Amino acid sequence: MLKVNDLEVSYGAIKALKGITFEVKSGEIVTLIGANGAGKSTTLRTISGLLKAKRGQIFYKGDEITNREPNEIVAMGIVQIPEGRRTFPDLTVRENLELGAWTIKSRKVINDKLEGVYELFPRLKERRGQLAGTLSGGEQQMLAVGRALMAEANLVLLDEPSMGLAPVLVDEIFEVIERINKEGRTILLVEQNAEMALQIANYAYVLEVGNIVFEGEAKTVAQDPKIKAAYLGA
Amino acid sequence: MKITKLFTNNRKLVLFSVIFYVVVDVLHLTGVLNDYWIQITNVALINIILAVSLNLINGFAGQFSIGHMGFAAVGAYTAGTLTTIIWKLGVANSITKYLLFAVALILAGVAAAIVGYLIGLPTLRLRGDYLAIVTLAFGEIIRVIINATGYVGGPRGLLGIPKLSNFTIIFFVTLLSVIIMRNIVFSTIGRALKSIREDEVASELVGVDITRYKVLAFTIGSFFAGIAGALLCHLLQIAHPTQFGFIGSINVLVMVYIGGAGSISGSIVAAVGLTFLSEFLRLGIDNLNKIAPFPVGPEWRMVVYAVLLVAVMLYRTAGIMGGREFGILVPEEEGKNATGSQA
Amino acid sequence: MSGIFNFQQVINSIQLGSIYALIAIGYTLVYGIVKLVNFAHGDFYMLGAYVAYFTAMFEISRKDQPNVIIILLISMSTGALVAFLSNRIAYRPLRYKPRLSALITAIGVSLFLEYTSSAMPFIGPSFRPFPDVIQTKQFHIGGAVLTNYQIINVAIAVTLMVVLTYIIKYTRVGMAMRASSQDKDALKLMGVNLEKIIDFTFIIGGSLAGAAGLLAGITYPRINPYMGIIPGLKAFIAAVLGGIGNVTGAMLGAFIIGFAETFGYAINSVIGEGIAYAILIIVLIFLPQGLLGKKTGEKV
Numbered sequence: 001m002l003k004v005n006d007l008e009v010s011y012g013a014i015k016a017l018k019g020i021t022f023e024v025k026s027g028e029i030v031t032l033i034g035a036n037g038a039g040k041s042t043t044l045r046t047i048s049g050l051l052k053a054k055r056g057q058i059f060y061k062g063d064e065i066t067n068r069e070p071n072e073i074v075a076m077g078i079v080q081i082p083e084g085r086r087t088f089p090d091l092t093v094r095e096n097l098e099l100g101a102w103t104i105k106s107r108k109v110i111n112d113k114l115e116g117v118y119e120l121f122p123r124l125k126e127r128r129g130q131l132a133g134t135l136s137g138g139e140q141q142m143l144a145v146g147r148a149l150m151a152e153a154n155l156v157l158l159d160e161p162s163m164g165l166a167p168v169l170v171d172e173i174f175e176v177i178e179r180i181n182k183e184g185r186t187i188l189l190v191e192q193n194a195e196m197a198l199q200i201a202n203y204a205y206v207l208e209v210g211n212i213v214f215e216g217e218a219k220t221v222a223q224d225p226k227i228k229a230a231y232l233g234a
Numbered sequence: 235m236k237i238t239k240l241f242t243n244n245r246k247l248v249l250f251s252v253i254f255y256v257v258v259d260v261l262h263l264t265g266v267l268n269d270y271w272i273q274i275t276n277v278a279l280i281n282i283i284l285a286v287s288l289n290l291i292n293g294f295a296g297q298f299s300i301g302h303m304g305f306a307a308v309g310a311y312t313a314g315t316l317t318t319i320i321w322k323l324g325v326a327n328s329i330t331k332y333l334l335f336a337v338a339l340i341l342a343g344v345a346a347a348i349v350g351y352l353i354g355l356p357t358l359r360l361r362g363d364y365l366a367i368v369t370l371a372f373g374e375i376i377r378v379i380i381n382a383t384g385y386v387g388g389p390r391g392l393l394g395i396p397k398l399s400n401f402t403i404i405f406f407v408t409l410l411s412v413i414i415m416r417n418i419v420f421s422t423i424g425r426a427l428k429s430i431r432e433d434e435v436a437s438e439l440v441g442v443d444i445t446r447y448k449v450l451a452f453t454i455g456s457f458f459a460g461i462a463g464a465l466l467c468h469l470l471q472i473a474h475p476t477q478f479g480f481i482g483s484i485n486v487l488v489m490v491y492i493g494g495a496g497s498i499s500g501s502i503v504a505a506v507g508l509t510f511l512s513e514f515l516r517l518g519i520d521n522l523n524k525i526a527p528f529p530v531g532p533e534w535r536m537v538v539y540a541v542l543l544v545a546v547m548l549y550r551t552a553g554i555m556g557g558r559e560f561g562i563l564v565p566e567e568e569g570k571n572a573t574g575s576q577a
Numbered sequence: 578m579s580g581i582f583n584f585q586q587v588i589n590s591i592q593l594g595s596i597y598a599l600i601a602i603g604y605t606l607v608y609g610i611v612k613l614v615n616f617a618h619g620d621f622y623m624l625g626a627y628v629a630y631f632t633a634m635f636e637i638s639r640k641d642q643p644n645v646i647i648i649l650l651i652s653m654s655t656g657a658l659v660a661f662l663s664n665r666i667a668y669r670p671l672r673y674k675p676r677l678s679a680l681i682t683a684i685g686v687s688l689f690l691e692y693t694s695s696a697m698p699f700i701g702p703s704f705r706p707f708p709d710v711i712q713t714k715q716f717h718i719g720g721a722v723l724t725n726y727q728i729i730n731v732a733i734a735v736t737l738m739v740v741l742t743y744i745i746k747y748t749r750v751g752m753a754m755r756a757s758s759q760d761k762d763a764l765k766l767m768g769v770n771l772e773k774i775i776d777f778t779f780i781i782g783g784s785l786a787g788a789a790g791l792l793a794g795i796t797y798p799r800i801n802p803y804m805g806i807i808p809g810l811k812a813f814i815a816a817v818l819g820g821i822g823n824v825t826g827a828m829l830g831a832f833i834i835g836f837a838e839t840f841g842y843a844i845n846s847v848i849g850e851g852i853a854y855a856i857l858i859i860v861l862i863f864l865p866q867g868l869l870g871k872k873t874g875e876k877v
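Residue numbers (this note's numbering), protein chains in the order written: chain A, 1 to 234; chain B, 235 to 577; chain C, 578 to 877.
Simulated from the structure, these hints should not be mistaken for laboratory data. All of these numbers come straight from a predicted model, not from anything done at the bench. Hints may contain errors.
[Said to hold, decoys possible] With the C-beta cut set under 8 angstroms, the calculated list includes, among others, these residues of chain C facing chain A: (1) Ala753; (2) Ala756; (3) Gln759; (4) Asp762; (5) Gly768; (6) Val769.
Just so it is clear, CB atoms sit at the ideal spot from N, CA and C, and this is done for glycine as well.
Please work from the sequences and hints to get the whole structure.
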């Protein structure tokens, strides 16, 4: 579904991505793991169009989407849940969700989706009139996921969903990720928490300082002694 | 900064300027350049002081002051009031006259500097856009106060100011002002200002006293603006609140940004260029009016100004000089590679 | 000093405040979304007044009774159009350059609008008396004189403010506008075309300013090309007072300034002229986030 080819991205003089190539097959959960500063967020931001690529191509369902405008990319079905949640603090939960459905025109569809999200996250339904900024970290993460689900998303990009969450909530979030994957969405998951990521993923890539240094089936990657030592705290 | 050292450290600049002065003076005396052109040159020189002093605040210290003429007003009215009062008491000879003028100029600068200091102090923590509005508001407040002060003429202005400014005085005061401000820019103060401009937070962490330098920039800038104002009113023999209002401040602002913020050379070029351009436009419009079937108003001058300003911002944001200096303006101690980018 | 705090002043304050409010909303919306003080905003107001003038004159010359609503729509459209063009031509190209450049450009646009209008032979730099669009009727209430002009003025202003508040609170675009001042990147990730939202913001702000111009035209005797400078500045001060970026704050601030100025003038003209500036300085020194704004420190 998604093919990234030799992608190079720079912040001014600093090369964040030095030419990475990877693929996300339809229906799969693919994870990109790596330490801080490896370039994981940069990758997602570039796919979503927030950053421009210096070189390389990004293909989605066969079409080239490199350097297109962010709103076009969302309209094509690629939705990102950004790092740190990034909910709109002065908008209510409901308004946040409604904004997520920006690309959808039909009021009925939006209402249906809203119901769907409330079903998935009953706590959000309770708090639907509250300002997003007053929610707890875990609830904001739920809101961020719910918001992304409001759009017609075929490919969901997740940027460090576990960050800043208590372990119990991390489990919850990952359950949700698996659930939405089962409902038919392809997932590209970027994570520092390699253990959880490798548990739910089908395929994994390891990113180090702008380069992909390792890849394979998630189970295989999890067993590899070097990876275990570096990322799994073995 | 001793006066003589000031001049010897800047031999090239002083030499060039003196030659220029002599040439212009001779042309004037022999009648090649008539009074009209000298008058424009005088105004241009005063505009140089205004532009360079505003550049110190906006370009080098990175602030955004748009009420600059308010400081000029303070200087003009201070010096003007002083000289008109003393004149009424009757003054004997030339020496006393010019000595008095010198004192008046300095007092004008000091008064303006005090106002600049008082304005600079509370406005420090404001960012660009807010600072701009506040300086504008202060400029307006100064104008309102002057308008309401009958003692200095109120809305009719301060009239009957003795004509003490002439080409020689204006030229050398301008030269001195530019040299002093230039020296400040290339000194430790200038370097501190530059670092504040680039990154305030980082500067603070390195130990630069942001407060002190920002206020210093305001104070010095307003000092010279005050002197410029004093020179101007003694040239035109009148000080009037409308000269120092919003439009006047905008004029100076345009000069700074078209010339390029952070470039003294730019301010000089733009001040001279725009003063003469303004005059040519006025003549052009007058002539156009003689042959055109419909009236062409003097407002078109400002329309050209406005378009020029927007065009420069859109297509050459760094201004004509792009933040760089002419070699001749760089102090000789700095060395050959100092003509690089200032910005 | 008796009679200063009387009903007449209250009426005048409300009327002045309502005009300031319409202008202030535009400033605050634009600042909220692109962090630009649009110096030219006061000139959209001026153009609204002139368009109203010419429309009214045209209708009068055809012996028609000028229709205020039609003129209102024309003024609003003018304000909207000029605002939209200013954004597209002058501000958008500088979107990602230093904010100072945009600010200077805004000054340039403002000067351009003022002087071009002034240079047009059919406008000219001097004051023009605004025609009587409606037959004046006076009502006497509690010792004060209330003209039908003032009622219409406030009625139109309040209606527009209500419509605007509805748009901001209950429409999708309004939501996007509010979100844009909170997190632009996240908004882009929702599939929102930010530039279109910015366009819309300018259009709304400009149309309200244009409406204010018409109201000023029918309520005050004269118009001139420079009439937007000072009211623009005061409306901006109102927006800052209320908390820049906050629409309710802008309206609140505008009425406060309206009252302060009206009562100030009643005491003496220097206070009347200067009180808005004094309020600005006090606010920026002691309460920079404004009455309804949030305190945000500068993030390192």
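Here is what the structure says about each hint:
Interface hint status for Ala753/C: upheld, as the beta-carbon distance to the closest one in chain A is roughly 7 angstroms, under 8 angstroms. The restraint placing Ala756/C at the interface with chain A holds, with a minimum CB-CB distance near 5 angstroms, inside the 8 angstroms limit. Contact between Gln759/C and chain A, as hinted, is supported at the beta carbon level, the nearest pair being about 5 angstroms apart and thus within 8 angstroms. With a least beta-carbon distance of about 6 angstroms to chain A, the hint placing Asp762/C at the interface is held under the 8 angstroms criterion.
For the restraint placing Gly768/C at the interface with chain A, the shortest Cβ-Cβ distance is roughly 3 angstroms, inside the 8 angstroms limit, so the hint holds. Interface restraint check for Val769/C: the shortest CB-CB distance to chain A comes to about 5 angstroms, inside 8 angstroms, so the restraint holds.
Of the hints listed earlier, there is not a single one the structure fails to meet.
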